[in-house]
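Undergrad: With chain Y fixed as given, assemble chains F, P, W, A and V onto it according to the hints.
Protein chains: 6
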Amino acid sequence: MRDIRVRELWQKQQCAFNGWLAIPNSLSAEAMAMSGWDSLTIDMQHGLIDNAALVTMLQALAASPCTPMVRVPWLDPGPIMRALDAGALGIICPMINSVDEAARLVEYTSYAPMGGRSFGPIRAGLVDGPHYQASANQRVIRFAMIETRKALDQLDAILQVEGLDAIYVGPSDLSLSLGCKPTLDDVEPTVQQAIEHILERAHAHGLKAGIHSQTVNFAKARKALGYDLVTTASDLRLILAGAQDLMKAWRAP
Amino acid sequence: MRDIRVRELWQKQQCAFNGWLAIPNSLSAEAMAMSGWDSLTIDMQHGLIDNAALVTMLQALAASPCTPMVRVPWLDPGPIMRALDAGALGIICPMINSVDEAARLVEYTSYAPMGGRSFGPIRAGLVDGPHYQASANQRVIRFAMIETRKALDQLDAILQVEGLDAIYVGPSDLSLSLGCKPTLDDVEPTVQQAIEHILERAHAHGLKAGIHSQTVNFAKARKALGYDLVTTASDLRLILAGAQDLMKAWRAP
Amino acid sequence: MRDIRVRELWQKQQCAFNGWLAIPNSLSAEAMAMSGWDSLTIDMQHGLIDNAALVTMLQALAASPCTPMVRVPWLDPGPIMRALDAGALGIICPMINSVDEAARLVEYTSYAPMGGRSFGPIRAGLVDGPHYQASANQRVIRFAMIETRKALDQLDAILQVEGLDAIYVGPSDLSLSLGCKPTLDDVEPTVQQAIEHILERAHAHGLKAGIHSQTVNFAKARKALGYDLVTTASDLRLILAGAQDLMKAWRAP
Amino acid sequence: MRDIRVRELWQKQQCAFNGWLAIPNSLSAEAMAMSGWDSLTIDMQHGLIDNAALVTMLQALAASPCTPMVRVPWLDPGPIMRALDAGALGIICPMINSVDEAARLVEYTSYAPMGGRSFGPIRAGLVDGPHYQASANQRVIRFAMIETRKALDQLDAILQVEGLDAIYVGPSDLSLSLGCKPTLDDVEPTVQQAIEHILERAHAHGLKAGIHSQTVNFAKARKALGYDLVTTASDLRLILAGAQDLMKAWRAP
Amino acid sequence: MRDIRVRELWQKQQCAFNGWLAIPNSLSAEAMAMSGWDSLTIDMQHGLIDNAALVTMLQALAASPCTPMVRVPWLDPGPIMRALDAGALGIICPMINSVDEAARLVEYTSYAPMGGRSFGPIRAGLVDGPHYQASANQRVIRFAMIETRKALDQLDAILQVEGLDAIYVGPSDLSLSLGCKPTLDDVEPTVQQAIEHILERAHAHGLKAGIHSQTVNFAKARKALGYDLVTTASDLRLILAGAQDLMKAWRAP
Amino acid sequence: MRDIRVRELWQKQQCAFNGWLAIPNSLSAEAMAMSGWDSLTIDMQHGLIDNAALVTMLQALAASPCTPMVRVPWLDPGPIMRALDAGALGIICPMINSVDEAARLVEYTSYAPMGGRSFGPIRAGLVDGPHYQASANQRVIRFAMIETRKALDQLDAILQVEGLDAIYVGPSDLSLSLGCKPTLDDVEPTVQQAIEHILERAHAHGLKAGIHSQTVNFAKARKALGYDLVTTASDLRLILAGAQDLMKAWRAP
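First to last, the sequence lines map onto chains Y, F, P, W, A and V.
For what it's worth, this note's numbering labels the leading residue of the first sequence as 2, then goes sequentially.
For what it's worth, this note's numbering labels the leading residue of the second sequence as 2, then goes sequentially.
For what it's worth, this note's numbering labels the leading residue of the third sequence as 2, then goes sequentially.
For what it's worth, this note's numbering labels the leading residue of the fourth sequence as 2, then goes sequentially.
For what it's worth, this note's numbering labels the leading residue of the fifth sequence as 2, then goes sequentially.
For what it's worth, this note's numbering labels the leading residue of the sixth sequence as 2, then goes sequentially.
Keep in mind the hints are simulated off the structure, nothing from the lab.
Computed from a predicted structure; not experimentally measured.
A few of these clues could be false.
As the list claims (entries may be wrong) - Okay, derived cross-link-like pairs now, DSS-like style, lysine-lysine, Cα gap no bigger than 25 Å in a straight line:
id	chain 1	residue 1	chain 2	residue 2
1	F	Lys13	W	Lys249
2	F	Lys182	F	Lys224
3	A	Lys13	A	Lys221
4	P	Lys249	V	Lys249
5	V	Lys224	V	Lys182
6	F	Lys249	W	Lys221
7	F	Lys224	W	Lys249
8	V	Lys13	V	Lys224
9	W	Lys249	F	Lys249
10	A	Lys224	A	Lys182
11	V	Lys249	P	Lys13
12	W	Lys224	F	Lys249
This is chain Y alone, in the form it adopts within the complex:
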């Protein structure tokens, strides 16, 4: 069985540095995997990853120690179970706004009796080995995204849903939902307050907390706040930001 680096860090009370994959390609994924991230999340919601790319990208991560995670498009059993069968060891699910939704996330990501995940870990079992079935419920990391006012209103109830491992904050959607400008880093005070509140409640309920950022400075600031997993910079963002820097340098006298 492979080690799960994110869980190892958490056991040592350390913060995981998570990268983000938006390009549907296994070569960019492999380049990221060689770069030292603790985990990499394949974004099937806003990233343009399709199911064929998902498989080759998970394979491209397999030789590196980073934990392979997937942000699924929505709280639907089909894509969630598929990502797990393909070998994802962490699931980040958007828009968990109620106890019922949180419970369904656990149900879809857990075998009976804990949940109702259908059995057939085609690649997960191949890569992880024969013990996969017995350990998957304990190994898979379930992140519920807290990113709306509605979710904030239900926060404590959501956090008590058994089987949830962590929450994950999406600052852009949270900003939009709270009537603020959607941004990942330099959020408005209302949003910043919510970010701190969610962290505090998650820890109070014994859950871990992750959060999306754009730049490493904000990622570090949120680590300093106490977040347990911080994301920065997708592969696509690195290309865009890097090219922008080059243009600036090129045009400079």
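TA: The following block gives chains F, P, W, A and V in isolation, referenced to the frame of chain Y:
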């Protein structure tokens, strides 16, 4: 920001000529895009387009002035938001049969406070520019497909759902639902009556109306009726019809 | 119109031998299609088949007499109708646990008035010919997977849902749900009892019964029990088992 | 063993009607295959077909009676043998300008002792059956493209190369090479003369003759001249021409 | 007809800033295309671009003003003509070591009477319009890579080959060939001398000169030297370098 | 730097057990990689592997200890260097029939001064690390396929070409060339004699010898003969043979 040709035509009270893409390929899409359509709709319901092809096909349309639209497979938030993030500027959603379904269509296609679309316009923002977030709710065109008896029964209520831009008639499904033979063009009188009724009610509520046709003659007849967007002939249909004509000519003495 | 071998066998009260496709590739699919199966099922649930591969795999089966079937990821109208439009003549739907779910399966797989399948059989009509629309409701084989305790509790009610053609047993999930070790072949007595009970009730209601197995010996035993379609060995399993045998032979003195 | 429709027609002294595939997609290929062509040629030279599409396109032709042929990119052993192994039963090779080149074409397309084709008919053997090896040298149709002044100068010598089955005229390149405007149909007199000369010499040497055309009228005229295989209209051309017709009809008053 | 930005800059005696695409993906290509490069080169030699990706990547560049170029794998007519037919307006050909090789590069990239390029500009003609055939010989930019001692020895003769537009220096291969460590930027003095010599001779013969660099500082230095096109940073390099920077920042106290 | 298992075994005078990949898919490749082979060869000659699949398949092998090798389509610099850049650590080149061809194989697979391989190990360097350039000439294993009478005639001269690591016998082509029935295992006496002769000469010149087989029994027999690498059973063959066994068992009473 790109102009949206369909909206421009509508502002001038003109009818848009919409083409249809069923082949999951960017070269056929580009050939269609070079052919003068006002808009092209990538059919993810009955067409065989997958998510990887969706991206490359939207890219193949980018250099042409035609408005890129997607018919989504069903009223599901995942695929709808994904099509928007990939750059679709119009969404045609099948089987909108109730006020609740129409409202969900608006919700899935609109950022807060108008709806609950999740923020992350990965390609849409790249192509459209930094103003995308502020303008997307106004720019994206939402078509609710009216194609069942049930929808007809709820028509006025559906048409009052705030945020809906247009309806789109699917004559085949409408025919089936009304107990008639499924056909796109030469529909039975009951269906023709419904087609005219839907148009009249849409305009009465200030919405635009689009409709599917197979041949250009019927498309023109429906334009003459007052429809604001008419579809004809998919890429696949052009191949099949064109080859049939060749065979006939070849075998003729 | 193509013959549907599974239906032909059933009319003769014979058992169909079903193969399983988990590799998203048309060459492995074609190799399987040349191997003599009565039907082949493309697994979009646990197999790693994406929508692009689905199309090419269905095409790879078209020159052989085996019946092309698809196990869909979940009871969702989008993917089910899409598989049918692409040319599947059988649908195996996982996790049918209630009368309502069984009724929805029929609804999604049948044109009006029998159901609410949307009309647009893009490849199915191309391959099957102009009579597809009139005959599809009778030709498509609908399998409801019975694989939970909940489904067992509702079994007779589920089996009475009009339009259902057959049930399909997933021994692994059924085992998990009944508190047993998930396995396909050598199941615990409780599961074996359920397997026999489901068969007896299906036949009592005039439905056919299919079941998943891993090895041909168990497939034959289940045929002997009276099952009407038995599955064994996916393409991927053949590779893994074949390679394992080679390794053993290689290392033997 | 599959029948080879082109060879059957030739035995009856009839002309084969050949379609052309330029879009790298198996669905457009299958639509063409259902349209009644005697043969279909996958164009790997000017068409945008890649090696992955080649395989799925050949599979898409397998259920139809049309003969699957490939125009290879160039006189290179790798791609030629690969097309044959994938199941092509005809090879059209561009730019055969000398006896040596014609001889190499035969060598690359024939097993020893006739040539030096490497043995491993992976899909061809699968589809054609165990007799493939013994019959391939007789079954595969070898077309040498005659399309330059240089080839004209060597014509009789080229036509005597043992193993060649046919020549294939590319009117555009031939026009260019003769200093005329490149066109497929309405060629300048010098080119027309060459087209008739090549045909006459091919028949004199007992070879068959094929030719590329754009429209069916010119294809028929060339059939009337005595050509044994005439090509018209690629899938892409059908889309472009069909869409152009629609635009004209749409804009007509 | 599209403008060719590189030729425009050259007419104004300005230096073009060229980006490099190594990831076989149209989304990363489009992100690069939105970033302001004067030209982008799709690397089919060392980059991992396949023929299917080539098409979608060229399409992804079509909406931007940057000139689409391809570095072909080798001096082979098949891939070179294919890149041109797919829409490349510049060809960078590796390892041109002799007059004969330079002449063949011109031959493969030029229609008769200038060369022997086969006619069939499937996508190039579609995108560029009906004048493509008449102007292609003048529009396509032909770069011969000078990157070996052998080429240096023949330099003046190579530069006199009619039809060549430019040379392109590969500092790594040039270094290896001159017995130095392969590096792109900080080359050994022998190599630097060669780089300056090649530039001087190219200009003396009226040819333009391009060169590969890794960092923008060296690109600017080479522009200052007089190079007419300088390359820096592939998409893949931007990901690797950007991720490395993030790791450093993350680990910094 | 990764260990190269084949070289390790050879240093211990042991025989490597090589598997074969003919299906262009990364999942079947990964399943093979998990099965214990010492090396796996991706067959780009007779297998249907395209360049896109090559990359994902090499990635699918990266987490396993088996040595990734590629059989290239032909002795062409483009595809050979591309396979190396993508990460192949062994190259099997078909149809090496002369000293010149053997020398070219070494040239294409070796950096200067040993050869003329162009520098740009995009994925090889990423996966192998910064020392790749300095060690590649020593690490890459070069197999020249000896499979014709012509090669036999030149055998000793070929074997003396500096830089060659091994030969690889293709029994089918060798049989054809010697006028025998093409078969992999139970070859005619003339071929068997050649197989033993080649082995003896290879060892006499200090080279290793590999050979293709179909079944494990023949593989073992050839190991017993002294061959240093023996191949058996492609992924596709495992499917076909496995399915055939199942059919036999199914039909048995």
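Undergrad: Are the hints correct? Go through all of them and say.
TA: Hints versus structure:
1. F:Lys13 with W:Lys249: With a Cα-Cα distance of about 22 Å, the restraint between F:Lys13 and W:Lys249 holds, given a limit of 25 Å.
2. F:Lys182 with F:Lys224: Roughly 23 Å between the alpha carbons, so the hint for F:Lys182 and F:Lys224 holds.
3. A:Lys13 with A:Lys221: 18 Å, holds
4. P:Lys249 with V:Lys249: 22 Å, holds
5. V:Lys224 with V:Lys182: Holds. V:Lys224 to V:Lys182 sits at ~23 Å (cutoff 25 Å).
6. F:Lys249 with W:Lys221: Status holds; Cα separation ~12 Å.
7. F:Lys224 with W:Lys249: 16 Å, holds
8. V:Lys13 with V:Lys224: Distance ~14 Å between V:Lys13 and V:Lys224 Cα, so the pair holds.
9. W:Lys249 with F:Lys249: 22 Å, holds
10. A:Lys224 with A:Lys182: 23 Å, holds
11. V:Lys249 with P:Lys13: 22 Å, holds
12. W:Lys224 with F:Lys249: 16 Å, holds
Violated hints: none; the structure is consistent with every hint.
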